[in-house]
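**Student:** Okay, here's what each chain looks like letter by letter:
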Amino acid sequence: MSNKLIDLVHISKTYGTNTVLDNLDLYIRENEFLTLLGPSGCGKTTTLRIIGGFETPDSGQVIFDGKDITALPPNKRQLNTVFQRYALFSHMNIAENIAFGLKIKNKTKKYIDDKIRYALKLVNLDGYENRMPDSLSGGQQQRIAIARAIVNEPKVLLLDEPLGALDLKLRQDMQYELIRLKNELGITFVYVTHDQEEALTMSDTIVVMNQGYIQQIGTPETIYNEPENAFVADFIGDSNILSGIMLKDRLVNILGTPFQCVDEGFGTNTPVDVVIRPEDVNLVKPEDGMIRGIVTHLIFKGVHYEMEVMANNYEWLVHSTDMFPVGTEVGIRVVPFDIQIMNKPISEDEEAVNIEA
Amino acid sequence: MKNAAKKVYLILILILLYAPIATLMILSFNKSRTRAKWGGFTLEWYRSLLENEQIMNAFYTTLLIALLSALAATLIGTLACIGMQAMSKRARNILMATANIPMVNPEIVTAVSLMLIFIALRVGLGFQTILLSHITFNIPYVILSVMPKMRQTSRSTYEAALDLGASPVYAFFRIVFPDILPGVISGFLLSFTMSLDDFVITHFTKGPGIDTLSTKIYTEVRKGIKPEIYALSTLLFVSVLLLLILVNYSPEETETAAKQAQKKPGRWKIFVLRRFVPAVMALVLISGGIYYGSRGKIGGQNTLVVYNWGEYMDPAVLELFEKETGIRVVYEEFETNEIMYPKVQTGAIAYDLVCPSDYMIQRMIENDLLAEINFDHIPNLKNIGSTYLEKSREFDPDNKYSVPYCWGTVGILYNKTMVDEPVDSWGILWDETYADSILMQDSVRDAFAVALCYLGYSLNSTDLDELTAAKNLLIRQKPLVQAYVVDQVRDKMIGNEAALGVIYSGEAIYTQRENPDLEYVIPKEGSNIWIDSWVIPKNARHKESAEAFINFLCRPDIALMNFDYITYSTPNTAARELIEDDEIRNSPIAFPDDEALRNCTTFHYLGDEMDGVYNELWNQVKSK
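Protein sequences, first through last, are from chains A and B. Throughout the first sequence, residue numbering follows my numbering, covering 1 to 357 in sequence. Throughout the second sequence, residue numbering follows my numbering, covering 358 to 981 in sequence.
If you are wondering where the hints come from, they were derived from the structure by calculation, not from laboratory data. Hints may contain errors.
[To be verified] The calculated lysine to aspartate or glutamate pairs, modelled on DMTMM-like cross-linking and capped at a C-alpha distance of 25 Å, are:
(1) A:Lys76 to B:Asp844
(2) A:Lys105 to B:Asp536
(3) A:Lys4 to A:Asp134
(4) A:Lys115 to B:Glu695
(5) B:Lys446 to A:Asp58
(6) A:Lys105 to B:Glu516
(7) A:Lys155 to B:Asp536
(8) A:Lys67 to B:Glu516
(9) B:Lys773 to B:Asp844
(10) A:Lys182 to B:Glu408
(11) A:Lys103 to B:Asp844
(12) A:Lys103 to B:Glu516
(13) A:Lys67 to A:Asp134
(14) B:Lys446 to A:Glu55
(15) B:Lys506 to A:Asp134
(16) A:Lys107 to B:Glu516
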């Protein structure tokens with residue numbers, strides 16, 4: 001793996017009595033697409049603003065390329081930000097917006113003109129030089145904001161929920177666009193979002209945050225398939241999170257029924273949290289199921305049907321391409337590999353971050 | 358049909374809005390000095406406006422103060438907004454509320470407070486105090502118009518600029534400032550207008566020798582507003598209108614707007630905003646600097662601070678005096694005795710020479726505000742007729758404090774074509790034949806003087822029975838009275854709108870010139886004679902210069918100049934002899950014989966309590 005480019009060391013930040021970040025440690029590698037993911041108020045934006053220099057941490061250090069930049073003002077940092085609401089300069093045209101940073105750096109006119117053309121090409125908006133920001137759509141404005149940032153050739157591009165204001169289709173298009181950009185430019189992206197799908201689609205690394213703490217760091221696959229706690233499981237996609245008792249290695253009691261699983265090392269008769277993704281719940285004939293239940297809700301979602309099944313006093317969330325009408329008695333099967341066992345939180349801190357939704 | 362009604366309605370509104378201004382503009386071309394009749398078209402007033410140094414000075418001072426105070430207030434207010442923007446919501450709200458207080462505070466309170474603090478801090482009242490006051494009351498208006506714009510600016514554009522390498526100062530001026538600029542400009546324009554408009558605050562914080570248009574115009578109420586002011590107002594209105602048209606109408610903009618979504622201001626607009634307006638501002642500022650720089654300092658040893666009625670001295674007399682003696686005269690004007698009195702009494706400004714009326718002089722003597730005049734320095738006193746010095750004894754018993762300047766009587770002005778019988782008594786004002794053709798003065802003492810004299814009592818009566826009788830008489834007269842007026846007697850009589858009116862003799866001469874059918878008479882029962890005299894306040898700094906000036910004013914040729922200018926009767930008998938026009942020299946209006954004056958007395962100061970009684974009775978008359 002490549003080197004650490006940014007290293008956040010023991011960062012804490014408090015507003016009044018509200019602790020936003022508590023002793024946070026995080027490093028970002030060169031050429032990585034790292035996403036800070038979490039619900040609002042989890043501290044992800046504050047973390048980004050501390051990297052950008054718009055906030056100063058109460059304690060801790062920001063190391064950039066081996067140098068401590070904790071006290072460096074934003075205009076002296078070698079990184080650029082794309083803001084949530086584009087933040088284009090409304091009284092300047094597109095070319096002037098893009099040239100803003102370059103003019104401050106006293107680049108030649110030719111250099112600037114070339115850069116503007118290059119950047120507009122990169123974001124697929126050639127020929128927009130003389131337009132005013134107001135006359136552009138949201139997606140176009142966001143691409144200009146990106147163009148304005150990247151012409152400065154930053155080592156890191158910080159993106160603060162840049163797609164938050166766009167509609168769904170545009171958002172998906174922009175996600176591919178951002179991946180392409182990142183690959184073409186070969187620079188580090190630090191991306192902040194509360195949208196788990198965005199995070200899963202684009203990131204090399206996802207950092208799940210809640211209430212100022214990092215919950216889990218990992219690749220999208222790890223985060224999705226092996227959530228380390230109930231919060232991550234719940235936040236990343238829909239989940240059935242059940243209380244269970246680990247009877248022994250590879251056998252867990254869920255709602256009174258023993259299930260085969262693949263996890264080991266939790267001891268015997270230990271209370272645990274069990275995560276089962278809705279698409280991993282298989283509906284079969286009642287007699288074939290490990291437990292039985294009645295379908296209580298049915299919604300068509302396009303790719304699949306979403307159903308709720310009442311079984312053993314728990315409302316199971318099920319995604320399936322097969323349809324079972326409301327009132328049907330069904331059996332439930334789960335293959336051992338799809339059962340994810342997690343420790344129940346022990347400390348108070350963990351307790352606090354546990355319940356969110 | 359509906360459309361026609363709409364149009365009529367619109368036209369009606371426009372007429373209502375613009376009729377007053379149109380009237381003023383028409384009057385500015387009226388050859389006749391009076392509002393009552395059209396004397397033909399003339400540009401005379403525009404010419405004499407440009408030659409009138411006093412008005413032009415006042416006009417200039419107004420512009421300069423408006424410009425400087427608006428600039429300073431815009432700067433301070435905008436900086437305040439930047440600071441407040443960075444504050445917590447709570448602190449900002451408290452500060453906003455504090456900043457808004459001066460706007461809702463009654464202007465008079467602000468004005469008096471400012472005057473008091475200037476006096477307490479011993480800041481001499483003058484140009485600088487007006488400027489400071491205007492800056493003070495303008496700042497809230499700037500904050501009010503800049504702050505909403507400031508709140509609209511997104512913090513992220515500023516941060517984006519920092520992010521792209523801009524220093525905080527560069528980011529502010531390049532990014533934030535253009536966003537709040539409309540607010541800053543409207544704050545500036547609002548301040549400019551507020552400053553132009555202001556009368557009350559200027560009045561209380563101004564010093565001698567300096568006037569803005571509003572205070573200057575106000576001093577003229579006693580003698581009537583001059584047509585030059587109409588001309589000036591017309592010019593102001595037209596130039597503001599032109600500026601507005603220029604700013605709002607730009608042909609390029611309408612053309613291009615359709616083609617592109619670009620928002621670029623038209624060439625005209627750029628020219629007006631970027632070139633023309635700043636150029637005018639710079640010009641005013643620079644010439645103002647030179648002008649005020651060359652005027653030197655007020656309060657030097659060789660100056661004289663004179664406080665006189667508005668329009669109560671020929672400007673040429675001042676010039677002549679300055680030339681002959683080398684003493685510089687700082688000249689300030691007042692509107693009424695009551696406005697003058699507190700200014701002298703508080704001692705905020707050390708006036709050297711004041712020209713109050715009889716009863717006010719008595720009050721000032723009683724309150725020990727006046728210095729005894731050294732008459733050795735005023736040999737020209739010999740030119741003042743003994744009759745007038747004798748009459749002066751009513752308020753200045755030993756002739757120690759005052760030298761008469763102008764005088765006059767109160768009498769009946771009547772239209773010979775409407776009144777056939779000879780008029781010699783106040784009684785005609787109660788004659789029902791003239792119902793609705795009688796004009797009375799709308800002032801307590803003048804109205805009561807008429808009734809008291811008619812009843813055979815003293816017009817300074819303090820006897821409650823006599824006063825009640827007078828009150829009842831006035832109430833009885835009320836149905837016959839067309840109107841209680843202040844200075845419209847003149848215009849209404851010239852315009853043949855009334856048959857009889859109570860008027861000052863000084864006005865009578867002028868009205869007779871405009872309408873030969875008018876005749877003035879002092880009723881046989883007696884009347885009020887008023888005398889305005891020069892006095893020297895105790896705190897005068899240049900007493901000898903003041904006496905030299907009085908002596909100068911008593912010189913026959915000078916007194917004649919002032920008589921020609923003011924047209925009020927002069928007590929200077931030597932000057933009267935110099936009047937060439939026989940008709941005027943022997944005019945029974947301007948110079949009634951001693952017999953006619955025998956029954957005339959001056960008003961006395963009756964004390965605050967008696968004033969209260971008079972006012973109460975007058976209210977009863979008015980409200981009946």
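**Student:** If a hint holds in the structure, say so; if it doesn't, say that too.
**Tutor:** So, going through the hints one by one against the coordinates:
no.: 1; hint: A:Lys76 to B:Asp844; in the structure: violated (73 Å)
no.: 2; hint: A:Lys105 to B:Asp536; in the structure: holds (24 Å)
no.: 3; hint: A:Lys4 to A:Asp134; in the structure: violated (39 Å)
no.: 4; hint: A:Lys115 to B:Glu695; in the structure: violated (76 Å)
no.: 5; hint: B:Lys446 to A:Asp58; in the structure: holds (22 Å)
no.: 6; hint: A:Lys105 to B:Glu516; in the structure: holds (17 Å)
no.: 7; hint: A:Lys155 to B:Asp536; in the structure: violated (31 Å)
no.: 8; hint: A:Lys67 to B:Glu516; in the structure: holds (23 Å)
no.: 9; hint: B:Lys773 to B:Asp844; in the structure: holds (21 Å)
no.: 10; hint: A:Lys182 to B:Glu408; in the structure: violated (76 Å)
no.: 11; hint: A:Lys103 to B:Asp844; in the structure: violated (69 Å)
no.: 12; hint: A:Lys103 to B:Glu516; in the structure: holds (17 Å)
no.: 13; hint: A:Lys67 to A:Asp134; in the structure: violated (40 Å)
no.: 14; hint: B:Lys446 to A:Glu55; in the structure: holds (19 Å)
no.: 15; hint: B:Lys506 to A:Asp134; in the structure: holds (18 Å)
no.: 16; hint: A:Lys107 to B:Glu516; in the structure: holds (22 Å)
Hint violations for this structure: numbers 1, 3, 4, 7, 10, 11 and 13, all remaining hints satisfied.
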